[in-house]
Amino acid sequence: MNLLSRNVVLLALDAFGGNIDGKTLLQKRLYFLNQMLGKRFGLHPGFGYDAHFYGPYSGVVANDVTTLVTQGFVREDVSLYGAFDASGFEMRKCRYELTPEGESGVAWLKNEYPEEAKQVRKAADVILKAGVLNYVDLSIAAKAHLILERANRPLNARNVVEEARKFSWVVEEQKIQNGLTFLKTLGLAA
Amino acid sequence: MSQSRKLRDPIHGFIELRGRECDILDTPLFQRLRRVSQLAMARLVYPGAVHTRFDHTLGVLSVAGRLCDALGVDPDHSLIIRYAALLHDLGHGPFSHVSETILDSLSTPALERAAGKKDKIHELITQKIILEHSDLNPALATKDREEVARLLSIGLDQRIHRDIISGPLDADKQDYLLRDSYFCGVTYGVYDIDQLHQTLCVGQDDDETALMVTASGVHVLEQFVLAKYYLTTQVYRHKVRLITDNMLVRGIQLGVLNDKIKFLQELYCFKDSKKYLSNYLSWDDQRLTVELLKPDYAKTYAGSIFRDLAERRLFKQLFSINLKAVPNQVRMALPQQFAQSRKELEQAVASELKKHQKSPVDANCVILHLYRIESVRAQSRNSEAPIMVNKPGKPVPFEDESSLFTSIEIGLSEEYLECYAPVSFTDEKQKLAIKEKIQAFMLNFLADKFDNQLKLPVQHEKL
Numbered sequence: 001m002n003l004l005s006r007n008v009v010l011l012a013l014d015a016f017g018g019n020i021d022g023k024t025l026l027q028k029r030l031y032f033l034n035q036m037l038g039k040r041f042g043l044h045p046g047f048g049y050d051a052h053f054y055g056p057y058s059g060v061v062a063n064d065v066t067t068l069v070t071q072g073f074v075r076e077d078v079s080l081y082g083a084f085d086a087s088g089f090e091m092r093k094c095r096y097e098l099t100p101e102g103e104s105g106v107a108w109l110k111n112e113y114p115e116e117a118k119q120v121r122k123a124a125d126v127i128l129k130a131g132v133l134n135y136v137d138l139s140i141a142a143k144a145h146l147i148l149e150r151a152n153r154p155l156n157a158r159n160v161v162e163e164a165r166k167f168s169w170v171v172e173e174q175k176i177q178n179g180l181t182f183l184k185t186l187g188l189a190a
Numbered sequence: 001m002s003q004s005r006k007l008r009d010p011i012h013g014f015i016e017l018r019g020r021e022c023d024i025l026d027t028p029l030f031q032r033l034r035r036v037s038q039l040a041m042a043r044l045v046y047p048g049a050v051h052t053r054f055d056h057t058l059g060v061l062s063v064a065g066r067l068c069d070a071l072g073v074d075p076d077h078s079l080i081i082r083y084a085a086l087l088h089d090l091g092h093g094p095f096s097h098v099s100e101t102i103l104d105s106l107s108t109p110a111l112e113r114a115a116g117k118k119d120k121i122h123e124l125i126t127q128k129i130i131l132e133h134s135d136l137n138p139a140l141a142t143k144d145r146e147e148v149a150r151l152l153s154i155g156l157d158q159r160i161h162r163d164i165i166s167g168p169l170d171a172d173k174q175d176y177l178l179r180d181s182y183f184c185g186v187t188y189g190v191y192d193i194d195q196l197h198q199t200l201c202v203g204q205d206d207d208e209t210a211l212m213v214t215a216s217g218v219h220v221l222e223q224f225v226l227a228k229y230y231l232t233t234q235v236y237r238h239k240v241r242l243i244t245d246n247m248l249v250r251g252i253q254l255g256v257l258n259d260k261i262k263f264l265q266e267l268y269c270f271k272d273s274k275k276y277l278s279n280y281l282s283w284d285d286q287r288l289t290v291e292l293l294k295p296d297y298a299k300t301y302a303g304s305i306f307r308d309l310a311e312r313r314l315f316k317q318l319f320s321i322n323l324k325a326v327p328n329q330v331r332m333a334l335p336q337q338f339a340q341s342r343k344e345l346e347q348a349v350a351s352e353l354k355k356h357q358k359s360p361v362d363a364n365c366v367i368l369h370l371y372r373i374e375s376v377r378a379q380s381r382n383s384e385a386p387i388m389v390n391k392p393g394k395p396v397p398f399e400d401e402s403s404l405f406t407s408i409e410i411g412l413s414e415e416y417l418e419c420y421a422p423v424s425f426t427d428e429k430q431k432l433a434i435k436e437k438i439q440a441f442m443l444n445f446l447a448d449k450f451d452n453q454l455k456l457p458v459q460h461e462k463l
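Chains as they are written, first to last, in this note's numbering: chain A, 1 to 190; chain B, 1 to 463.
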């Protein structure tokens with residue numbers, strides 16, 4: 001891909017509406033964006049996702065976001081919760097939003113790299129149309145995708161729950177079912 | 001199979017090599033690492049920095065062994081981890097990371113992996129050596145070699161095995177921080193390794209076991225991450241060290257592309273063949289330097305830059321622009337389009353220099369260098385996953401758990417554009433005047449190039 005990974009993150013933030021609430025949601029949306037860019041357009045932004053706590057994680061994306069915040073293209077607002085929620089996620093909630101400088105950066109990117117910008121927009125649209133999942137549900141969908149990829153064979157929701165136990169993941173079958181529906185809509189599961 | 005052997009090391013004391021590890025040590029392949037410096041030409045800044053990949057590798061073996069013992073890794077996996085520690089740097093070329101940069105810059109897009117992650121060529125070379133090189137035949141069984149290669153690329157059954165060899169707390173970092181500090185004669189990289197090992201644990205989270213620290217290890221971890229940050233800013237990104245590294249890279253690149261020196265082309269244009277690998281492994285710092293200093297190459301770019309390095313006639317920094325000081329448009333466009341704009345910018349600097357100096361400077365010897373120093377918070381994860389603190393109930397990322405790190409501004413990360421060239425100044429006054437002029441010129445040139453509407457007021461970075 002001709003674009004620096006950080007500029008793909010910037011275009012993605014714009015394509016997802018100009019802001020994303022939460023590090024986990026950002027990581028997981030970009031996980032699926034990465035999948036869709038590869039599947040639909042053969043593009044690889046170089047995010048290098050790897051299995052990690054809370055599901056797939058990209059250190060590249062984490063550092064790119066830091067860079068964009070540092071350079072004033074993205075604003076990070078942190079609110080402290082002081083405790084885990086019922087699912088054990090995020091004590092601190094970070095909101096990532098394009099700044100006016102970020103918006104003009106996006107405009108420049110769209111002008112200089114129109115094809116790539118369109119592809120990022122299309123991939124994001126497909127993800128949003130598949131269902132606006134919250135970060136917990138999106139994480140479950142990402143984990144289900146990871147399990148399917150590793151299994152390399154079709155699995156139903158019950159099978160995925162069983163496979164998940166091997167990873168010590170305890171997930172409800174219904175939530176996995178929702179995740180699989182989401183993956184099917186994206187064309188990422190049979 | 002040889003018996004065990006103990007080697008004395010200034011960082012870790014006695015390092016014990018057992019059985020087949022001694023056989024690996026005795027291979028010409030491994031002994032070559034004695035002639036590959038750990039920090040390229042950092043010795044021109046820090047005279048003590050003469051340590052090599054050989055000493056570092058033994059240090060990684062020592063730390064990896066201690067980690068396996070402390071974390072209760074079973075003997076079979078410990079053995080593979082120890083072999084991986086010994087073999088992980090075999091693919092380094094002359095001057096370590098310098099060769100890596102050149103190989104990557106001259107590689108073809110065919111090396112893009114399907115996963116979208118571009119392989120570093122020296123890592124590909126390391127894999128090939130481990131799996132195929134005949135030197136290792138008497139030392140290691142094929143099955144062990146395959147296991148080591150798998151551990152270094154994707155990992156084994158448990159994540160913890162890979163964490164010891166590659167991750168934010170791996171044995172490699174634990175050794176190089178202490179070793180580079182010791183040999184450079186600085187204390188920036190020093191941290192309490194014994195306390196760190198006391199607090200490391202195998203944590204269980206949602207998906208798998210991983211290397212973590214206990215809650216009581218947060219402070220020593222802060223020390224470890226700060227050590228990495230300070231060593232980066234004070235040693236790895238030292239102004240003169242950046243110049244020597246860039247001179248090496250540019251000298252060799254010009255040797256390949258302009259001088260068309262055959263042995264450099266054969267060494268730095270990667271080919272996936274046994275012949276290439278065999279030739280690659282016949283080169284080290286010493287052979288490359290001796291070869292390029294021969295009279296045959298005196299008039300080539302490569303020969304001349306290596307002569308300058310040998311006699312410590314270093315290029316000078318002409319400017320250092322923090323990208324925070326440039327308009328948004330430039331800050332966005334320059335990193336994105338640096339590769340394709342670099343030559344044009346270097347030619348522009350050379351033309352501008354001509355106006356201020358009697359002797360012209362060859363544009364090929366003007367080096368523009370764009371680099372960044374990650375914030376201290378980002379340093380705790382680097383490009384890898386975050387370090388996790390094993391709290392009751394749920395592990396949490398270190399940077400969220402440490403009071404010190406949560407209070408550090410995320411915005412401490414910096415990106416710089418610097419310029420180096422073979423200029424000489426008559427005195428300090430002339431030096432400052434020329435540097436100011438060139439910097440002001442570049443700021444305006446960048447503004448003109450990336451946004452014709454935007455004209456910058458001349459800004460003076462501290463020189």
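Honestly, the hints are just simulated from the structure, not real lab data. The C-beta atom is built at its ideal place from N, Cα and C for all residues, glycine as well. Don't take each hint at face value.
[Stated by the list, open to error] Among chain B residues calculated to face chain A with C-beta under 8 angstroms, some are:
no. : residue
1   : 127
2   : 329
3   : 331
4   : 333
5   : 335
6   : 369
7   : 373
8   : 374
9   : 413
10  : 424
Hint by hint, here is what the structure shows:
Interface hint status for residue 127 of chain B: violated, as the beta-carbon distance to the closest one in chain A is roughly 17 angstroms, over 8 angstroms. With its C-beta approaching chain A no nearer than about 6 angstroms, residue 329 of chain B sits inside the 8 angstroms limit, and its interface hint holds. Interface hint at residue 331 of chain B: satisfied, since its Cβ lies 6 angstroms from the closest Cβ of chain A, which is below the 8 angstroms cut-off. Contact between residue 333 of chain B and chain A, as hinted, is supported at the beta carbon level, the nearest pair being about 7 angstroms apart and thus within 8 angstroms.
A least Cβ separation of about 6 angstroms between residue 335 of chain B and chain A falls short of the 8 angstroms threshold, and the interface hint therefore holds. A cut of 8 angstroms between beta carbons decides the hint on residue 369 of chain B: the least distance to chain A is about 17 angstroms, and the hint is violated. For residue 373 of chain B, the suggested interface contact is broken, since its CB lies about 11 angstroms from the closest CB of chain A, more than 8 angstroms. The interface hint given for residue 374 of chain B holds, since its Cβ lies 7 angstroms from the closest Cβ of chain A, which is under the 8 angstroms cut-off.
The interface hint given for residue 413 of chain B holds, since its Cβ lies 5 angstroms from the closest Cβ of chain A, which is under the 8 angstroms cut-off. With a cut of 8 angstroms, the hint placing residue 424 of chain B at the interface with chain A is violated, because the nearest CB-to-CB distance is about 35 angstroms.
Violated hints, listed in ascending order, are 1, 6, 7 and 10; each of the other numbered hints is respected by the structure.
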